[in-house]
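K.L.:
Below are the chains, spelled out letter by letter.
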Amino acid sequence: MSWFKRAKSGVQTPTKDKKETPEGLWYKCRSCKHVMPSEDHSGNLWVCENCGFHERIGSIEYFRILFDDNKFTELNRNLSSGDPLKFEDTKKYTDRLNSSQKKTGLVDAIRTASGKIEGNQVVIGCMDFNFIGGSMGSVVGEKIARAIDYSLKKKVPFIMISKSGGARMMEAAFSLMQMAKTSAKLSLLAKAGIPYISLLTDPTTGGVTASYAMLGDLNIAEPGALIGFAGPRVVKETIGKDLPEGFQTSEFLLEHGFLDYIVERKELKSNLAKLLKLLKN
Amino acid sequence: MSVFLDFEEPIADLFEQLEKAEKTASKGKVDMTETIEGLKKQIELTQKEVYKDLTPWQKVQTSRHPERPYALGYISALTNDNFIELHGDRNVKDDKAMVGGFGDIDGRSVMFIGQQKGINTKLRQFRNFGMPNPEGYRKALRLMKLAEKFNKPVVCLIDTPGAYPGLEAEERGQGEAIARNLMEMAQLKVPVICIVIGEGASGGALGIGVGDRVLMLENTWYSVISPESCSSILWRSWEHKEKAASALNLTADLMLKNKLIDGIIQEPSGGAHSNYDQMFAIVKREIMKHLEELDRIEPEERITQRIDKFCAMGYSEE
Ligand SMILES: [Zn+2]
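Chains as they are written, first to last, in the working numbering: chain A, 249 to 529; chain V, 2 to 319.
Any given hint could be a false lead.
[Stated by the list, open to error] Pairs of lysine to any residue residues, derived as SDA-like cross-links and limited to a Cα-Cα distance of at most 20 Å, are as follows:
1) A:439 <-> V:125
2) V:285 <-> V:295
3) A:484 <-> V:168
4) V:190 <-> A:441
5) A:401 <-> A:323
6) A:484 <-> V:238
7) A:339 <-> V:146
8) A:439 <-> V:238
9) A:340 <-> V:238
10) A:339 <-> V:240
11) V:41 <-> V:58
12) A:334 <-> V:82
13) A:340 <-> V:236
14) V:290 <-> V:302
15) V:94 <-> V:125
16) A:350 <-> V:319
In case anyone wonders, no lab produced these hints; they're calculated from the structure. Predicted model, so just to flag it, every value in this text is computed and none were measured.
This is chain A alone, in the form it adopts within the complex (with noise of 0.2 Å):
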């Protein structure tokens, strides 16, 4: 039996367990509008059956995707944001962390994890766009730091998946300094010899873009997923002219020379398993 039906048969589970679109029993394509069962949505890995399209999903999607039985151990599940600064602009930022966790579920914009690729041991972080754009805050670069150390001390690679809008504006500085501290400790898997794989998906930009998610040992993609490091209105703003097609996609950064390479979500898994397997034996 291959992975994917493994996956596909992992969503024949209790319906609490899935993680459904928005629209319920129906899903709308955002790219091709073709409308589908919300279940042979999730069953084709949120990946429009018409147009290839690769809807946005989190980190319970991603897990349940790569780990084998989706089976994993959560490392640091309950690191919370604090309120250093008692920020407020039209909201309280701790406001804004209670509706987003109350809204997603979640704690923070990521979660790590530790398990199997087909056999293979890795450490996973992986970001929810759904709680404050996936902005990256404290909470996410110590999980990230954390999930570091893990992955030397156990000496097993570590896959971060990005999917976010860049630094959490609420934490200033101390989200600014998280770029610098991923960043060095990526230095210390570096020099210790142990794979870092970054897999970059819609959307990927600002700080996180300018540290973690260009760093990989290996940079790989999901098709068509915009990645920058200015968002593209910022961009437009400052040439003054409409942007090219395919500016700032997946493919244009392949192309660019900054992508491994593109890879789709049916053969993430498969993928992976490979590349780790290539890098151990």
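Given chain A's structure and the hints, the job is docking chain V with the ligand onto it.
P.N.:
Chain V with the ligand in isolation, oriented as in the chain A frame:
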């Protein structure tokens, strides 16, 4: 001085009076010595008074003062022009917004690197307003590696409104260039001192900001975003920049309190732009002091301390 910020008005008035007094004196009919001396003293007192309690937004304004000294000004003064500028990233081009080279500071060779703003309208364009492209960060890294090869310390002078958000910058991997610097700087075997001399805007600043000592001049700012952009994103209007400046805790004192930098460098009483010689002397003294401290630490230990310091930054609850 010729350019005054809005809150510097009391200082501007006194300078105007001083100018008049000096003009009268130059005609030689009246003895103005006493008046001139009095005005000079009053200017100093007023500068002290005005600069004593600047709001965060006023500090942001000061950090952008058009007469504030820029990186090459510091380098040239600190080295008595015993400096050789080095160019290019050996790949694409020479980024004019990022400068660097070997210089002599009190008989000691140091690799200076810094973002450079232009001193007039024409040069501001030439320097791309201090906003480096990827090749700027790659040039900086090349120079750091050069310093490491010859066992010379690195001094980075940070002053940027941000990494350039242009089309070609994206094509050439702005994100990758900054990210690479963060990782490589963490492992540099030589001492690294970073000083925010003006604006420390986000990843563009941090791209040359991973050091054993990260210091901020008194009237500078350092954060994840400029107060204006923060205002426009969170409040959906540019109007709230003052509020955003306060909310971001971006001033030197608050950055130190939050343990995100290692120290503050005092500025002359009227800001760095009011007295270049004094500012340069203070910065030189600080660099020498920190270099002496860092010299005493073994390279591997220095790297460990540097990494541990950045890894301790953040605030989370368990
Ligand atoms: Zn579709």
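K.L.:
Next step is simple, just say for each hint if it's right about the structure.
P.N.:
To see whether the hints hold, each was checked on the structure:
no., hint, in the structure
1, A:439 <-> V:125, "violated, 41 Å"
2, V:285 <-> V:295, "holds, 15 Å"
3, A:484 <-> V:168, "holds, 8 Å"
4, V:190 <-> A:441, "holds, 19 Å"
5, A:401 <-> A:323, "holds, 14 Å"
6, A:484 <-> V:238, "holds, 19 Å"
7, A:339 <-> V:146, "violated, 45 Å"
8, A:439 <-> V:238, "violated, 46 Å"
9, A:340 <-> V:238, "holds, 18 Å"
10, A:339 <-> V:240, "holds, 17 Å"
11, V:41 <-> V:58, "violated, 27 Å"
12, A:334 <-> V:82, "violated, 46 Å"
13, A:340 <-> V:236, "holds, 12 Å"
14, V:290 <-> V:302, "holds, 19 Å"
15, V:94 <-> V:125, "holds, 19 Å"
16, A:350 <-> V:319, "holds, 18 Å"
When each numbered hint is compared with the structure, violations occur for hints 1, 7, 8, 11, 12.
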